[in-house]
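*Asks:* Below are the chains, spelled out letter by letter.
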Amino acid sequence: MIRTVALLIALAAALPVQAAEFNAVDPAHSSVGFVYKQMGVPVDGRFKKFSVQLAFDPAKPAAARAAIDIELASVDTGSPEGDDEVAGKQWFNTKAFPTARFVSTAVKALGGNRYEVTGQLTIKGRTREVTAPFSFAAQGSGAAFDGGFVLKRADFAIGEGVWADFGTVANEIQIKFHVLAMAGK
Amino acid sequence: MNSTRYTAVAIGLHWLMALLLVGLFSVGLYMHDLPLSPWKLKVFSWHKWAGVTAFLLVLARMVWRATHRPPPLPAAMPAWQRLAAHAGHAVLYLLMVAIPLSGWLMSSAKGFQTVYFGVLPIPDLLAKNKELGDLLLEVHEALNWTLAAVVAGHALAALQHHFFEHDDVLTRMLPRHARKETP
Chain S
14 MIRTVALLIA LAAALPVQAA EFNAVDPAHS SVGFVYKQMG VPVDGRFKKF SVQLAFDPAK
74 PAAARAAIDI ELASVDTGSP EGDDEVAGKQ WFNTKAFPTA RFVSTAVKAL GGNRYEVTGQ
134 LTIKGRTREV TAPFSFAAQG SGAAFDGGFV LKRADFAIGE GVWADFGTVA NEIQIKFHVL
194 AMAGK
Chain Z
2 MNSTRYTAVA IGLHWLMALL LVGLFSVGLY MHDLPLSPWK LKVFSWHKWA GVTAFLLVLA
62 RMVWRATHRP PPLPAAMPAW QRLAAHAGHA VLYLLMVAIP LSGWLMSSAK GFQTVYFGVL
122 PIPDLLAKNK ELGDLLLEVH EALNWTLAAV VAGHALAALQ HHFFEHDDVL TRMLPRHARK
182 ETP
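Sequence order for the protein chains is S and Z.
Each residue of the first sequence is one higher than the one before, counting from 14 in this note's numbering.
Each residue of the second sequence is one higher than the one before, counting from 2 in this note's numbering.
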């Protein structure tokens with residue numbers, strides 16, 4: 014028993030606990046996507062242009078910070094007519110509100126490789142607090158962060174007027190993010 | 002005697018399909034250039050659900066047709082007309098199967114899965130592919146115009162039998178109460 018404990022301690026000490034802060038995001042291998050439902054049909058979408066600022070050290074999750082800026086006009090809803098439509102006033106109104114911004118306020122460990130980030134999400138001039146669980150996985154010299162949360166489009170007035178009814182496009186939008194970041198210098 | 006008439010099930014399926022096909026064709030024509038709106042999303046979904054229904058009905062109909070011999074064609078019919086009638090019916094069945102399949106494949110290729118009545122997802126056989134989606138749209142359209150032409154020929158032939166040949170080719174496919182009983 015004591016031997017096992019000693020072995021575990023030795024193993025834990027041998028693990029790479031060097032303060033590795035992942036803060037150099039690789040945009041080419043990162044993505045911000047979503048799944049929305051229209052008439053019960055799940056449709057995949059994504060944003061082609063976004064930037065992520067990240068500072069995450071798995072040894073000190075509470076000190077982690079993240080910010081994401083999304084260029085809303087770069088949306089891919091799965092069809093060209095959908096892309097044109099959601100740029101319009103009733104949806105994102107990209108002329109008046111070109112970007113969506115998320116800024117983290119807190120990160121906590123959930124155990125294992127699971128974490129949770131809470132922050133302020135601003136879309137179309139409306140700011141709401143959102144919480145997204147994510148996983149952390151070392152990948153070569155970097156780390157992959159995968160997470161998501163359910164956004165209620167009505168909270169941000171995404172889809173007004175004739176689109177406000179959830180009968181055709183559901184209120185719940187599943188947001189998914191994948192961020193690949195290298196350990197910084 | 003009933004042997005010269007289609008069965009009630011065959012008659013029911015025939016007219017139900019006729020109604021569905023005319024409806025589907027008209028809605029398809031109407032919807033294809035609608036601007037994006039909740040209405041368009043609804044109409045497209047209804048069209049797909051009705052299309053799946055038509056596909057299931059045609060399968061049921063083919064099973065019925067295979068297990069219930071249709072009444073024979075009038076003895077006076079020349080051989081070429083019999084051949085034309087059989088070929089026409091074969092093409093109708095082929096199109097009734099091919100058209101919903103092409104619509105389903107087109108939906109998949111365009112990236113919009115078909116979810117029957119919004120609850121039952123029908124698997125995508127094809128991955129999203131814009132060129133293939135556009136091609137399948139043209140296939141779906143061409144098959145539909147072919148169906149419209151064959152259906153027109155089918156209806157004209159039935160009317161020709163009724164008004165010029167004075168035989169029972171049309172009436173034996175009519176519901177019983179709509180048919181004038183002849184001794």
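Warning: the hint list may mix true and false statements.
Unchecked claim - Below 25 Å or equal to it, Euclidean Cα-Cα: the simulated DSS-like pairs (lysine-lysine) are:
no.	chain 1	residue 1	chain 2	residue 2
1	S	165	Z	43
2	Z	43	S	61
3	Z	129	S	137
4	S	102	Z	129
5	S	165	S	121
6	Z	43	Z	129
7	S	137	S	73
8	S	62	Z	111
9	S	165	Z	41
10	Z	131	S	165
11	S	61	Z	111
12	Z	129	S	189
13	Z	129	Z	41
14	S	62	Z	43
15	Z	131	S	50
16	Z	43	S	102
17	Z	41	S	62
18	Z	111	Z	129
19	Z	111	S	137
20	S	73	Z	43
21	Z	129	S	61
22	S	121	Z	129
Everything labelled a hint here was simulated from the structure, so no lab data went into it.
Note that the structure is predicted; figures quoted are calculated from it, not measured.
*Asks:* It remains to establish, for every hint, whether it holds in the given structure.
*Replies:* How the hints compare with the structure:
1. Annotation: proposed proximity of residue 165/S to residue 43/Z holds, straight-line Cα distance about 21 Å (limit 25 Å).
2. In summary, the hint linking residue 43/Z to residue 61/S is not supported, as the alpha carbons are separated by about 28 Å, beyond the 25 Å threshold.
3. Distance hint between residue 129/Z and residue 137/S is unfulfilled; the C-alpha atoms sit about 31 Å from each other, more than 25 Å.
4. With a C-alpha separation of about 28 Å, the suggested pair residue 102/S and residue 129/Z falls outside the 25 Å cut-off, and the hint is violated.
5. Restraint check: the Cα-Cα separation between residue 165/S and residue 121/S comes to about 23 Å, which is no more than 25 Å; the hinted pair holds.
6. Note on residue 43/Z and residue 129/Z: the hinted pairing holds, with a Cα-Cα distance of about 21 Å set against a maximum of 25 Å.
7. The straight-line distance between the Cα atoms of residue 137/S and residue 73/S is roughly 33 Å, outside the 25 Å bound, and the hint therefore fails.
8. In summary, the hint linking residue 62/S to residue 111/Z is supported, as the alpha carbons are separated by about 23 Å, within the 25 Å threshold.
9. Taking the CA atoms of residue 165/S and residue 41/Z, the gap is about 23 Å. The hint holds against a cut of 25 Å.
10. Restraint check for residue 131/Z and residue 165/S: the C-alpha separation of about 30 Å exceeds 25 Å, so the hint is violated.
11. Note on residue 61/S and residue 111/Z: the hinted pairing holds, with a Cα-Cα distance of about 19 Å set against a maximum of 25 Å.
12. For the hint linking residue 129/Z to residue 189/S, the alpha-carbon distance of about 20 Å falls within 25 Å, and the restraint holds.
13. Distance check on the hinted pair: residue 129/Z and residue 41/Z sit about 21 Å apart at the alpha-carbon level, within 25 Å; holds.
14. The suggested pairing of residue 62/S with residue 43/Z is violated, with an alpha-carbon distance near 31 Å, which exceeds 25 Å.
15. Note on residue 131/Z and residue 50/S: the hinted pairing holds, with a Cα-Cα distance of about 20 Å set against a maximum of 25 Å.
16. Distance check on the hinted pair: residue 43/Z and residue 102/S sit about 22 Å apart at the alpha-carbon level, within 25 Å; holds.
17. A distance of roughly 29 Å separates the Cα atoms of residue 41/Z and residue 62/S; the hinted pair therefore is violated under the 25 Å criterion.
18. At most 25 Å may separate the alpha-carbon atoms for a hinted pair to count; residue 111/Z and residue 129/Z meet this at roughly 6 Å.
19. Distance check on the hinted pair: residue 111/Z and residue 137/S sit about 29 Å apart at the alpha-carbon level, beyond 25 Å; violated.
20. Among the hinted pairs, residue 73/S with residue 43/Z is inconsistent with the structure: their alpha-carbon atoms are about 50 Å apart, more than 25 Å.
21. Of the supplied pair hints, the one linking residue 129/Z and residue 61/S holds, its CA atoms being roughly 18 Å apart against a limit of 25 Å.
22. With a C-alpha separation of about 38 Å, the suggested pair residue 121/S and residue 129/Z falls outside the 25 Å cut-off, and the hint is violated.
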